[in-house]
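Protein chains: 2
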Amino acid sequence: MDYNAKLDEALKRLHDEGRYRTFIDIEREKGNYPHATWRRPDGSEQPITVWCGNDYLGMGQHPVVLDAMHEALDATGAGSGGTRNISGTTVYHKRLEAEIADLHGKESALLFTSAYIANDATLSTLPKLFPGLIIYSDELNHASMIEGVRRNGGAKRIFRHNDVEHLRELLAADDPAAPKLIAFESVYSMDGDFGPIEAICDLADEFGALTYIDEVHAVGMYGPRGGGVTERDRLAHRIDIINGTLAKAYGVMGGYIAASFKLCDAIRSYAPGFIFTTSLPPTVAAGAAASVRHLKTDQARRDLHQQQAKTLKLRLKGLGLPIIDHGSHIVPVIVGDPVHTKKLSDMLLEGYGIYVQPINFPTVPRGTERLRFTPSPVHGPEEMDKLIRAMDQLWSHCALNRAELAG
Amino acid sequence: MDYNAKLDEALKRLHDEGRYRTFIDIEREKGNYPHATWRRPDGSEQPITVWCGNDYLGMGQHPVVLDAMHEALDATGAGSGGTRNISGTTVYHKRLEAEIADLHGKESALLFTSAYIANDATLSTLPKLFPGLIIYSDELNHASMIEGVRRNGGAKRIFRHNDVEHLRELLAADDPAAPKLIAFESVYSMDGDFGPIEAICDLADEFGALTYIDEVHAVGMYGPRGGGVTERDRLAHRIDIINGTLAKAYGVMGGYIAASFKLCDAIRSYAPGFIFTTSLPPTVAAGAAASVRHLKTDQARRDLHQQQAKTLKLRLKGLGLPIIDHGSHIVPVIVGDPVHTKKLSDMLLEGYGIYVQPINFPTVPRGTERLRFTPSPVHGPEEMDKLIRAMDQLWSHCALNRAELAG
Chain A
1 MDYNAKLDEA
11 LKRLHDEGRY
21 RTFIDIEREK
31 GNYPHATWRR
41 PDGSEQPITV
51 WCGNDYLGMG
61 QHPVVLDAMH
71 EALDATGAGS
81 GGTRNISGTT
91 VYHKRLEAEI
101 ADLHGKESAL
111 LFTSAYIAND
121 ATLSTLPKLF
131 PGLIIYSDEL
141 NHASMIEGVR
151 RNGGAKRIFR
161 HNDVEHLREL
171 LAADDPAAPK
181 LIAFESVYSM
191 DGDFGPIEAI
201 CDLADEFGAL
211 TYIDEVHAVG
221 MYGPRGGGVT
231 ERDRLAHRID
241 IINGTLAKAY
251 GVMGGYIAAS
261 FKLCDAIRSY
271 APGFIFTTSL
281 PPTVAAGAAA
291 SVRHLKTDQA
301 RRDLHQQQAK
311 TLKLRLKGLG
321 LPIIDHGSHI
331 VPVIVGDPVH
341 TKKLSDMLLE
351 GYGIYVQPIN
361 FPTVPRGTER
371 LRFTPSPVHG
381 PEEMDKLIRA
391 MDQLWSHCAL
401 NRAELAG
Chain B
1 MDYNAKLDEA
11 LKRLHDEGRY
21 RTFIDIEREK
31 GNYPHATWRR
41 PDGSEQPITV
51 WCGNDYLGMG
61 QHPVVLDAMH
71 EALDATGAGS
81 GGTRNISGTT
91 VYHKRLEAEI
101 ADLHGKESAL
111 LFTSAYIAND
121 ATLSTLPKLF
131 PGLIIYSDEL
141 NHASMIEGVR
151 RNGGAKRIFR
161 HNDVEHLREL
171 LAADDPAAPK
181 LIAFESVYSM
191 DGDFGPIEAI
201 CDLADEFGAL
211 TYIDEVHAVG
221 MYGPRGGGVT
231 ERDRLAHRID
241 IINGTLAKAY
251 GVMGGYIAAS
261 FKLCDAIRSY
271 APGFIFTTSL
281 PPTVAAGAAA
291 SVRHLKTDQA
301 RRDLHQQQAK
311 TLKLRLKGLG
321 LPIIDHGSHI
331 VPVIVGDPVH
341 TKKLSDMLLE
351 GYGIYVQPIN
361 FPTVPRGTER
371 LRFTPSPVHG
381 PEEMDKLIRA
391 MDQLWSHCAL
401 NRAELAG
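Residue numbers (our numbering), protein chains in the order written: chain A, 1 to 407; chain B, 1 to 407.
Only chain A is shown next, with the shape it has when bound in the complex (with noise of 0.2 Å):
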């Protein structure tokens, strides 16, 4: 057996179809992100503006997160030293937990180490909690939503994106008194677009099925105290389990459910994923607690973010530019080819000094390869213009289409 030669046929493959990943080696500066510095293969340096990253809100340099990291690190030390159960929860763990739960209206929350291995983790374990679980799964859910509905081998149905009606037929076709759950997301990290809460809440009462909601791309972003779409659209009440990340809006890390004290009770209790893993660091949580709390009340910040998203799609489709507009915080330019997607990210990066990764396979749908911009707050009106200016320049010098795939 050569294994190795195997390893070259694996890596040939994503060769060969131009979406073998690079990645881009970075050094962010506290203060002054957006801009970073880039550090090329052999040593050389270059600064940067970053365009994808997922600190939506600027939140990984907020003093407020900072500070609260430092006096964790000074109080208590590195590491929890422990899973949860053995030696790793602490007072840290607790309030963080308690303002999430907070923020959803929830009766609790469960903290993991992300929100992958929270979504893997919870949405594997359920079936085990509910013999003969059958979970409706949005098709565009996110791979960590997958794996989980995957995992244990339970009864799945898979429902057309955002395709209520579809969703009504396989529902109605299925044993009435079988237990249900529809998993779905509120903000779709690739497309932009929304879930329709509302109707698939409808769908859930009339079938007597439980809910189950990714709301990674949206926490801290919308609703008055970012509780995400479902608080702003006032359904969190709604949904029975509603999954989170502390590491995109509000910049730090880890992920959790928040749901009724007896499911997370339950959860906590039967999740390999859960049990088996030393728990966050103390100075983590407590960074992301500071981040939590800070955004309940900072709405001004929410706004800018909006409003930063509104002017860049404006400027892109101005530009005639295939970009998708669903009304949210996130700006996909459709390239459509993996190889002219990394063609045109390298001469940004290395032009420009832009930094927006391309996005391939598996990440979108072969064919829908893009650019995906993340504006945010902290990207002054300067770097807007220059990358506009980029993007108009690049468009015109490889003679690509304008708004012919716009959404």
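In case anyone wonders, no lab produced these hints; they're calculated from the structure.
Fair warning: there could be bad hints in the mix.
Put simply, identical chains are the same to the list, so a pair is met inside one copy or across any two.
As the list claims (entries may be wrong) - Taking lysine-lysine pairs in the DSS-like style, the calculated list, with each CA pair at most 30 Å apart, reads: (1) Lys94 - Lys30; (2) Lys12 - Lys156; (3) Lys262 - Lys296; (4) Lys310 - Lys296; (5) Lys156 - Lys128; (6) Lys6 - Lys296; (7) Lys343 - Lys386; (8) Lys30 - Lys128; (9) Lys94 - Lys342; (10) Lys262 - Lys342.
If you're wondering where the values come from, they're calculated on a predicted model, not measured in any experiment.
Given chain A, work out where chain B should sit, using these hints.
Same frame as chain A, now just chain B:
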């Protein structure tokens, strides 16, 4: 469908078996570990000594680690702001991966948010790279390895714990041309026994299998530079993939694999659990790198750690307590019943300020419930005296057997 009733049932099963877990809420004080403060549910506080942490060497409060974390926070901010591919690769991640690759004498290393996800993601991705792969897995492998082996429904064979003859039988029974991987641990965390690394490597050579070792409870603590038991026994070069953690002896957070450049490149490219999750905060990566670097030379700390474990085992044996002793740093005292174990743990905590969490199923097999002590270089002689006295009194008070189950 009454979902709450189902949750009640699931939780009742745990209560009935006496294995419902109550998290103990503690607050460490930097510089004073293993001393900490226990916050009771009613809000009152009691000073305690932690005897069950996995910060085995006390590195979670080492100045070299904390300074590196403070510095990175000041230089770069809180979170990384993205997945490794999308703006979340920093110089801190690269430095840490280089430090780890060097530690294990491998070409490459790949960071994950935990060793749990490193195991799960890697073991579930290998069958994609080597179609038809058969994984031979020790029956006492950690939950994260079990989850990874199970996830994609690939072929698996479970061999009896540390039973090289059984493993040989299983290997011999399969198609010689099939790709194979043997997955095992160097130190099994609940009994503290060692895997037969050399014998397994010999079998791997004989049958053309890859080798995968979990060194989570060994890195930092064994080997002249902390490279684990594979370094101590000069066998690292015979292992294809070494899995380790930054959250135990290194005192911070995160997990990794170390392997050939090609293998890391392929896992990096194909594992959803690596691709779709925010990378570690730079401050965590900086602290972990400082810890790995420091322990490459601090042999005195390793020696003291082993001495502490030897002393504790000797003294517990002197009392005739049923401890398991395989010569590692882990000191399990078998109780053999979940309710008694919980009761003993509660009495130690409340009556003596000694915190050692009861270990129940599914962490250990039913009937082997235990108290698991983790002495460290920062536990002083006075703390050990107190522990010995408390155990002696409790064993007499509860009329528990002495030495009956000793290994």
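Consistency of the hints with the structure:
Within a single copy, Lys94 and Lys30 get their C-alpha atoms as close as 28 Å, and across copies as close as 19 Å, so both meet the 30 Å cut-off. In this assembly of identical chains, the alpha carbons of Lys12 and Lys156 lie at most 30 Å apart only when taken from different copies (27 Å versus 33 Å within one copy). Proximity of Lys262 and Lys296 under a CA criterion of 30 Å is satisfied intra-copy only: 26 Å inside one chain copy versus 46 Å between copies. Taking CA atoms no more than 30 Å apart as the test, Lys310 paired with Lys296 passes inside one copy only; the shortest distance there is 23 Å, against 52 Å between copies.
For the identical chains of this complex, Lys156 and Lys128 are neighbours both inside a copy (14 Å) and across copies (22 Å), given an alpha-carbon limit of 30 Å. In the homo-oligomer, the alpha carbons of Lys6 and Lys296 never lie at most 30 Å apart, since the shortest distance is 51 Å inside one protomer and 34 Å across protomers. In this homomeric assembly, Lys343 and Lys386 come within 30 Å of each other (Cα to Cα) only inside a single copy, at 19 Å, whereas the closest approach across copies is 66 Å. Proximity of Lys30 to Lys128 under the C-alpha cut-off of 30 Å is found in neither arrangement, the shortest distances being 45 Å within a copy and 40 Å between copies.
In the homo-oligomer, the alpha carbons of Lys94 and Lys342 lie at most 30 Å apart only across protomers (22 Å), although the nearest pairing inside one protomer, at 43 Å, exceeds that limit. For the identical chains of this complex, Lys262 and Lys342 are inter-copy neighbours only, at 22 Å across copies versus 47 Å inside a copy, given an alpha-carbon limit of 30 Å.
Of the numbered hints stated above, those contradicted by the structure are hints 6 and 8, listed in ascending order.
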